[in-house]
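Let's have the full structure, built from the sequences with the hints guiding it.
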Amino acid sequence: MTDATLLSGRGLTLHFGAIPALVDVDVDLWPGEMLAIVGESGSGKTTLLNVLSGRQRPDRGVVWYRDPDDRLHDVHAMPAPALRTLHRSDWGFVHQDPRQNLRMNVSAGGNVGERLMAQGARHYGDIRAAALDWLAQVEIDADRIDDLPRTFSGGMLQRLQIARTLVTHPRLVFMDEPTGGLDVSVQARLLDLIRSLVARLNIAAVLVTHDIAVARLLAHRIAVMQRGRIVETGLTDQVLDDPHHPYTQLLVSSVLNA
Amino acid sequence: MKGYNFAYLDEQTKRMIRRCVLKAVAIPGHQVPFGSREMPLPYGWGTGGIQVTASILGSDDVLKVIDQGADDTTNAVSIRRFFARTAGVRTTTATAEATVIQTRHRIPEKQLREDQIIVYQVPQPEPMFRLEPSRVETRRMHALADYGLMHVKLYEDIARFGQISISYDYPVMVNQRYLMSPSPIPAFDNPKMDRMPALQLFGAGREKRIYAIPPWTQVKSLDFDDHPFRAINAPHPCGLCGATDSYLDEVVTDDHGGRLFVCSDTDHCAERRAAGYVGTDGMKEAAE
Amino acid sequence: MAYVAVKGGETAIDAAHAWLNEERRGDASVPELSVAQIEGQLGRAVDRTMAEGSLYDRELAALAVKQTAGDLIEAIFLLRAYRTTLPRFGYSLPLETASMQIARRISAVFKDLPGGQVLGPTHDYTHRLLDFSLLDPGAAASAPRAEPDRSAMPRVPDILGQEGLMEADGEAAGEPGDLTREPLRFPAERDVRLQALARGDEGFVLGLGYSTQRGYGGTHPFAGEIRMGEVAVEILPPELGFAIDIGDIVLTECQMVNQFKGSKTAPPQFTRGYGLVFGFNERKAMSMALVDRAMRATELGEDVTAPAQNVEFVLYHSDNIEATGFVEHLKLPHYVDFQSELQNVRRMRAEQQRVVERKEAAE
Chain H
625 MTDATLLSGR GLTLHFGAIP ALVDVDVDLW PGEMLAIVGE SGSGKTTLLN
675 VLSGRQRPDR GVVWYRDPDD RLHDVHAMPA PALRTLHRSD WGFVHQDPRQ
725 NLRMNVSAGG NVGERLMAQG ARHYGDIRAA ALDWLAQVEI DADRIDDLPR
775 TFSGGMLQRL QIARTLVTHP RLVFMDEPTG GLDVSVQARL LDLIRSLVAR
825 LNIAAVLVTH DIAVARLLAH RIAVMQRGRI VETGLTDQVL DDPHHPYTQL
875 LVSSVLNA
Chain F
746 MKGYNFAYLD EQTKRMIRRC VLKAVAIPGH QVPFGSREMP LPYGWGTGGI
796 QVTASILGSD DVLKVIDQGA DDTTNAVSIR RFFARTAGVR TTTATAEATV
846 IQTRHRIPEK QLREDQIIVY QVPQPEPMFR LEPSRVETRR MHALADYGLM
896 HVKLYEDIAR FGQISISYDY PVMVNQRYLM SPSPIPAFDN PKMDRMPALQ
946 LFGAGREKRI YAIPPWTQVK SLDFDDHPFR AINAPHPCGL CGATDSYLDE
996 VVTDDHGGRL FVCSDTDHCA ERRAAGYVGT DGMKEAAE
Chain V
27 MAYVAVKGGE TAIDAAHAWL NEERRGDASV PELSVAQIEG QLGRAVDRTM
77 AEGSLYDREL AALAVKQTAG DLIEAIFLLR AYRTTLPRFG YSLPLETASM
127 QIARRISAVF KDLPGGQVLG PTHDYTHRLL DFSLLDPGAA ASAPRAEPDR
177 SAMPRVPDIL GQEGLMEADG EAAGEPGDLT REPLRFPAER DVRLQALARG
227 DEGFVLGLGY STQRGYGGTH PFAGEIRMGE VAVEILPPEL GFAIDIGDIV
277 LTECQMVNQF KGSKTAPPQF TRGYGLVFGF NERKAMSMAL VDRAMRATEL
327 GEDVTAPAQN VEFVLYHSDN IEATGFVEHL KLPHYVDFQS ELQNVRRMRA
377 EQQRVVERKE AAE
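If you read the sequences in order, they're chains H, F and V. Basically the working numbering = 1-based index in the first sequence + 624. Basically the working numbering = 1-based index in the second sequence + 745. Basically the working numbering = 1-based index in the third sequence + 26.
No lab work stands behind these hints: they were computed from the structure. In this text the structure is predicted, and so the values were computed from the model without any measurement. Heads up, a few of these hints could be off.
[Unchecked claim] From the structure, some residues in chain V lie toward chain F, with a derived Cβ separation under 7 angstroms:
(1) E36
(2) I39
(3) G351
(4) H355
(5) L358
(6) Y361
[Unchecked claim] Now the in silico label distances, taken between C-beta atoms and shown as ranges:
(7) R695/H to V382/V: 54 to 60 angstroms
(8) M728/H to T331/V: 16 to 22 angstroms
(9) F212/V to P655/H: 37 to 43 angstroms
All C-beta atoms, glycine included, are put in the ideal place defined by N, C-alpha and C.
As C-alpha cells, this is what we get:
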C-alpha cells in the first residue's frame, strides 16, 4: 500500500447532547480497498459513515479526501456545490433502505440514468444503453427498464440502488448496512454481487455493518467500534481470527455461538 | 385617477420592484423574491405582470396587453383598462407601436425590438414544482445548479411516449446557468425567447417572484441530442390570413367536427389581412 | 361569423358589471341595506372581513360586505386591495391584552380564577333552533347586565408562568416581520407565522387545527384562556416622546396550553399556542393557536409528520385571497395551452398508431 490514502479521518469527535457518538476517531482508506466498520447499534458506526461522507459535521476533527488529480480536500470545508458534485460523481452512497435513495415514481431506467444526466449526459440513446448495461450487471432483466421501482422486490430494489450509484463509476462508495432487512438467501446473492462489482471496478468502500459475517466476506480491513471509539482495527482475517480487544472477542464469539 | 398614484402603486413600492427587476436582470433566469402587493385584481390573473408593468411604465409609454395572443380577450381588456384608468397611458393593439407589452401565455409573432419590453404574467415561477413541491428544496437545487431531476422527467417522457410530452411551459436553461419557467406559453414560442432583442421581464404576484432575461441572452429549451426540442403547431395555415408560420387557435365551428384554425396573435392576423393576405375561410367570409 | 363573438370582451364586461350590480341590490321593492345596518347587525361577518382583510375599520368592512353581497372572501379582497394603497404613518406599540376591557373571558383549565369566568355574548349554550320570531321585525331584546368586575384579570399563562410551569414567551428578535411588505422566506420565524395565521382563511386554519386533534400532529391542547374585549391601541410619536391612545379595538385572544415532556435542554413544562384576531371570532383564534403550536414542532424537537406541522405547506396555502385567485384563474382562457396539448395528444396518438402498424407488419 502507498501513502496516498483516498480518504482520511483524523480526531473525529461528535457529541449528541451528553452522548458521545464519536470520540477521537482516526480512519484511513486506500484506493480500491473495502473497510468494514462493525459494532452494535449505537456504537457510532453510522455516525462515522455520515461524518466521513460529509453529510454530518463533526464537533472536532477533519476528513481529507484525495481527488483524481491528487489534490486533497477538507471535506467539511468544501463549498456545498462542490460536495454535492462529489456525491453525484466520484462518490456513491448505498442506503440500507433503497427507498431513501431511489425515486419511487421514476422508472428503473430513469433512476439509473439520473446521475449521468446530472453530470451533463444529453444523449438519450447513450443514457438508455448505460442503464441497460447496468441493469444487466446487477442482474435485473432488461424488460424491467421502464417499470417503476414499486413493482420490485426488496432484493431488486437494493440491486437497482447499486446500479444507480455505480453508473458514474465512483471511486469511493459508502454503504450503510446494504444487506440489512433482506432474507438470508437474497443477502447471499447480493453480497456476491457487491463483492464482484467492487473488485472488478476497483472501488474503494466504507461498509457499515453489524454483521461480522458480512464484514468477513467483503472487507479487506475492519474497524471495531464501541461507544464512539475504534477499539481495534486491522486486516479482517487477523482481527476476526485473533481478536485482542475483549469487545471484539465478544462480538466474534457471539457470531460463533449463533 | 383621483386618490391613486400614477399607475396605481405608490412610488416607494415601484422603486422596490425596480430594484428587484435590476437584480433579476443581473442574474438572468434567477427568481428574485419581492414584496408583492395586494392588487385590486385577483391573484392568478396577472398581478405579478401588472406590478412589474406599473413599476416600469412612464407617461410616454405605449402599452399593449394580450392574453392568449389576443388584445380583445376579457382579461386583456380588463388589464388594459386598468392602466388606461390609473396611468392614463396610451394603449395600442399594434405590436410595433408598443413600448411595453404585457402578455399572458403568448409571445407576439412579430420580432420584438431593443426599444421594447415584454412583461410576462407568471402563475408558477418554479419550473420544477411538479417534481419537487418544496420551495426550500428547489431553491437549493437552483443554487447548486442541480437539475438532474428535470432531465429525468424528460427521459421518462421519451421512455414512455417516445417523445417529450411537454407542450407548454416548456422549461428552458437561461444563459447556461438557471433553469427557468417561460410561463405557460406554448413550446412553439420558446425559440423566440432565445437572443431576443427586447428585455423580457417575468412577474409572479402570488408567488412573489420576479425574474428576467436581458436582451440577446441565450435561452435554450431542454432536450436530448438525439431527441431535439421541437415546437408543435397545428398542421394548417391560418383560415383567415393564410399564414403558415404563426401559432393557431382551433375554433369549433359546428357540432359535427367542423374546425377553423386561425392566428392566435390577432394583431398579426389583422395586419396580414390588411396587407391583402387571405386564407381559405377568409375567402368564404368575403363571398358571403 | 360566430367565431368573432368569442372575443371582443369590452361590451360584455360592462354589461356583466351592470348585471352584477343589479343582482347585488336584489328586489328593488325591498328596502336597501345600509352600511350601518350591516355593521350593527352582521357583526361577525364584519369581524371576519376585518381579520382576514388585515384592516380594522368596521365601516369599510361593512361597505365591502355590502358591495360583495355577502361574499366574504370577495369582501376581504376589497379591503386588502384598499389597505395596500394606504400610506404607513407608523406602527402601534404592542397591544396589552392583559388590560383588555373584558366582554368575555373563559378558562377551561381552572374552575375559578382571579377575575372569574365571564361568559359574554356567546353562542356556546344556545340550542341551535331556528327562532321564527325573527322573521318579523321586533323590538330589540335587552340583556341584564352585571356590575363590571374591575378586579385584575391576569392571563392564565401568566398564572402558570409564576410557578415556572409555562414556558417563557420568548423575547422578540428585533422588529416583527410583515408579510404584506416582504415576501415569505424560510425558515419562517414565529412572528411571520402568526401574522400569516391571523390573516389566514378561517376555514383552512380551522381544518388544520382540527386535524391536529385527530392525530395528525397532536399537541395535547387545553384552552388555557380565551378572552374577548376592547384593547387600547397606542402609538409613540417620536416628536412627543410619550405614548398616546388612538382608540380601542375589539380583539379575541386564545392561549392554548399544551403538554410538553421536556427535552435535553428544557425541563418538562407547558408550551404555548397563540391565537389573536380582530373582532369577536373565537373559532379562528382557537384554531390559530392549535396550528401555531403544531408549527413549533421543529423548535421543540418533535417530529414533523403532519400537514399542520409543515410550516411551508401551511404558510403557502393559508391565504384565501391567493388561493381563490389562483383556483378561479382556471376560468381564464387557456386555449393557447390547450391547443398545444391537443396537437401533442394527436401527435402522440399518431406515433402510437405507427408503432402498432409497424409491429403488425413485422409479424
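| query | Are there hints from earlier that the structure breaks, and if so, what are their numbers? | reply | none
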